[in-house]
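Protein chains: 2
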Amino acid sequence: PVNIWFKIADTGCKAKKLGEDDPRRIIHACKVGLAITLVSLFFYFNTLYDGFGVAAMWAVLTVVVVFEFSVGATLGKGVNRSIATLLAGSLGVGAHHLAVLSGEKVEPFAIGTTVFLIAALMTFIRFFPKMKARYDYGLVIFILTFCLISVSGYRDDEVIAMAHKRLSAVFIGGATAVLICIVIFPAWAGDDLHKQLATNMEKLATFLQGFGDEFFQISESEITEDKKASLQAYKSVLNSKSTEETLANFAKWEPRHGRFRYRHPWDQYLKVGALVRQCAYSIEALNGHLSLENQIPYEIREKVQQHCTKMSTESSSALAQLALSIRTMTRSSVADSHILKAKVAATSLKSSLKTGLWPDTDLLQIIPAVTVASLLVDVVTCTANVGEAVNE
Amino acid sequence: PVNIWFKIADTGCKAKKLGEDDPRRIIHACKVGLAITLVSLFFYFNTLYDGFGVAAMWAVLTVVVVFEFSVGATLGKGVNRSIATLLAGSLGVGAHHLAVLSGEKVEPFAIGTTVFLIAALMTFIRFFPKMKARYDYGLVIFILTFCLISVSGYRDDEVIAMAHKRLSAVFIGGATAVLICIVIFPAWAGDDLHKQLATNMEKLATFLQGFGDEFFQISESEITEDKKASLQAYKSVLNSKSTEETLANFAKWEPRHGRFRYRHPWDQYLKVGALVRQCAYSIEALNGHLSLENQIPYEIREKVQQHCTKMSTESSSALAQLALSIRTMTRSSVADSHILKAKVAATSLKSSLKTGLWPDTDLLQIIPAVTVASLLVDVVTCTANVGEAVNE
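As you go down the protein sequences, you meet chains A and H in turn.
Take the first sequence: its position 223, counting from 1, is numbered 222 in the working numbering, and each next residue is one higher.
Take the second sequence: its position 379, counting from 1, is numbered 378 in the working numbering, and each next residue is one higher.
Any given hint might turn out to be false.
If several chains are the same, the list does not tell them apart, and a pair holds so long as it fits within one copy or across any two.
To be verified - Calculated pairs, BS3-like style, for lysine-lysine (alpha carbon to alpha carbon, straight line, at most 27 Å):
#: 1; residue 1: K251; residue 2: K13
#: 2; residue 1: K194; residue 2: K227
#: 3; residue 1: K234; residue 2: K15
#: 4; residue 1: K227; residue 2: K309
#: 5; residue 1: K6; residue 2: K131
#: 6; residue 1: K6; residue 2: K129
#: 7; residue 1: K13; residue 2: K131
#: 8; residue 1: K270; residue 2: K227
#: 9; residue 1: K129; residue 2: K15
#: 10; residue 1: K349; residue 2: K302
Don't read these hints as lab results, they were simulated from the structure.
Keep in mind that this is a model prediction, so the values were computed, not measured.
Put together the whole structure using the sequences plus the hints.
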């Protein structure tokens with residue numbers, strides 16, 4: 000029993016943390032409750048219930064399955080559901096009439112065959128990548144509505160009245176969900192995508208900022224665990240692709256809001272995101288060298304340290320600036336100058352390696368330094384690419 | 000009009016390709032059609048329809064939304080839906096009875112409040128990562144069923160009969176979907192995960208196999224476009240995380256099949272997958288150096304080429320062997336010997352760099368070679384890690 004209480008308390012703590020991390024989650028939960036309570040009014044008031052009858056159920060059903068966290072997802076599902084219900088409803092009524100014409104005996108077979116064909120065809124269409132990304136839900140609802148309308152039609156000849164009621168209920172449910180989602184503290188997928196891109200760039204900047212110190216072990220003081228953790232934050236960027244694509248898909252459904260207009264170039268975000276990930280891959284390779292024991296002899300360290308640190312901090316500043324200019328949606332030339340400085344540092348590193356005579360140094364000992372330098376050059380290149388893409 | 004015909008033809012081609020790439024897609028589409036046709040029999044036969052009435056609709060609805068491509072996904076959704084309907088149905092009936100006790104005037108308010116609270120609570124629970132991964136669908140259905148049952152109860156006092164019919168219909172629909180999914184050419188998510196892991200490792204092996212030749216430009220003959228494309232196949236591994244996690248989640252629902260038992264250690268696959276991705280990140284860094292123009296002076300090339308090529312091909316063979324031993328589910332020591340050889344090559348490269356006098360060579364010219372060598376060492380380390388994890 001103590002164990003159970005402990006588990007309950009633990010769950011409570013987790014719930015508190017979830018709510019604190021993103022208070023919009025609590026708001027979202029209340030919004031869903033509100034929307035469902037609103038559509039269930041159809042059942043309480045006689046005037047409303049008389050119009051719809053059992054079909055009012057479809058309004059509740061629609062709200063529950065359509066209401067998602069972000070406006071884009073809700074709108075996407077709502078629009079998909081409404082249009083699919085409309086199309087499939089009309090087609091279902093048509094199929095029913097054709098089946099009735101075919102005579103009483105043939106009717107079940109005619110309906111059965113149509114249902115089989117349409118269901119199989121639509122299921123196959125769901126595999127098209129483009130359909131899957133934007134209209135997957137619509138296709139499911141299309142199959143559902145078509146089958147229900149044409150099959151129920153066999154039992155209930157007032158197919159048109161039924162389809163009409165059901166369609167209205169779906170519209171009302173979808174509209175309620177979308178309205179409440181947009182009106183009360185909306186959570187925009189576009190905002191999230193925008194912020195996530197900037198945050199990802201900042202994570203890389205944090206790593207590069209700390210990298211120089213860490214690698215050359217400049218600061219004698221113990222590096223705290225906290226700082227180590229913040230250096231490793233960039234790891235989440237490596238796997239950011241699917242989240243970004245989902246958010247961009249949702250964002251495309253969203254109307255004008257705040258600083259974003261409808262048809263904001265969301266694909267550009269995916270492009271920048273891909274470049275940022277490219278940068279993160281190089282950083283991942285750098286990170287591998289961080290954990291190796293590096294005993295770089297003093298004379299070599301002296302030669303490369305300055306340039307490497309410079310490259311790393313300048314790339315870091317450039318990324319931080321680019322993140323800032325994404326956040327503020329302004330074009331800034333500060334990042335360009337940082338990139339330029341990083342490039343200059345890369346060039347002077349190269350020439351110092353070229354001109355500097357390396358008398359009797361053990362080549363093996365230089366390897367870590369050279370590798371790191373070379374990877375940093377990659378990072379600088381990536382950063383420059385990100386800079387170009389952001390300014391587009 | 001020509002344009003339209005062109006588009007239709009284009010879509011046809013795409014559909015053909017989708018079907019050829021994975022014929023299971025066509026089978027899946029037919030299976031869905033069949034399952035829906037089967038449950039719609041409830042409407043055609045009087046004996047069946049008399050028992051269920053309109054509730055037969057829920058069987059069709061369940062089949063449409065539960066039937067997924069893989070057995071794991073279908074089973075997961077089916078189990079979620081059945082259990083959630085059962086729980087929420089009982090709770091809904093209970094809430095209805097309590098509300099009736101509270102008197103006619105208070106009833107709507109009592110129901111409204113309960114619906115709001117339960118809906119908000121369950122929506123919030125969906126944010127828990129663990130619940131989201133496995134029980135998200137169940138929670139949605141819980142909200143849906145609870146609201147429908149308790150709200151409809153206000154209009155129809157035969158709540159228990161209604162809930163019972165609906166629950167039976169959902170069970171029948173879920174069972175039909177699951178049975179047809181498992182019995183006719185089942186597509187197991189576990190198989191897919193298993194194969195994908197092996198394929199990913201083979202992609203890396205292909206890259207490493209070709210890398211030596213490409214980098215040192217050994218073969219004078221033009222490298223064909225086809226070969227270039229196969230070298231770049233590894234890129235898909237970089238972003239494989241979300242697919243692997245989804246498949247593993249589905250696979251956990253699957254019963255014993257073929258060579259996999261229930262509770263096959265799917266998490267181990269995720270672990271190996273993460274290590275394979277780690278390896279892919281190093282390869283990505285290597286690939287960056289492939290595209291750079293590399294003018295390595297002859298004397299340097301001579302020194303490093305042999306060892307680098309050895310490291311690369313041995314790692315490649317090791318990965319290919321590991322992939323094979325995953326495919327055949329056998330433990331093989333061949334991979335270990337390849338890893339050992341790669342490690343030996345790495346050591347001898349290091350010592351050749353150490354002992355070899357590098358008279359008057361321009362350090363700048365060595366950098367690409369040294370960097371590549373160093374990255375190859377990383378790849379060898381990663382490969383060794385993968386080897387260990389696979390053998391576990």
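The hints, checked one at a time:
1. K251 / K13: between (33 Å within a copy, 25 Å between copies)
2. K194 / K227: within (24 Å within a copy, 37 Å between copies)
3. K234 / K15: Classified as within: same-chain Cα gap 26 Å, cross-chain 40 Å, threshold 27 Å.
4. K227 / K309: within (21 Å within a copy, 36 Å between copies)
5. K6 / K131: between (40 Å within a copy, 19 Å between copies)
6. K6 / K129: Between copies only: 15 Å across, 44 Å inside.
7. K13 / K131: between (34 Å within a copy, 14 Å between copies)
8. K270 / K227: between (30 Å within a copy, 23 Å between copies)
9. K129 / K15: between (39 Å within a copy, 16 Å between copies)
10. K349 / K302: The answer is both: 11 Å in one copy and 22 Å across copies each meet 27 Å.
The structure is consistent with each of the numbered hints, conforming to all of them.
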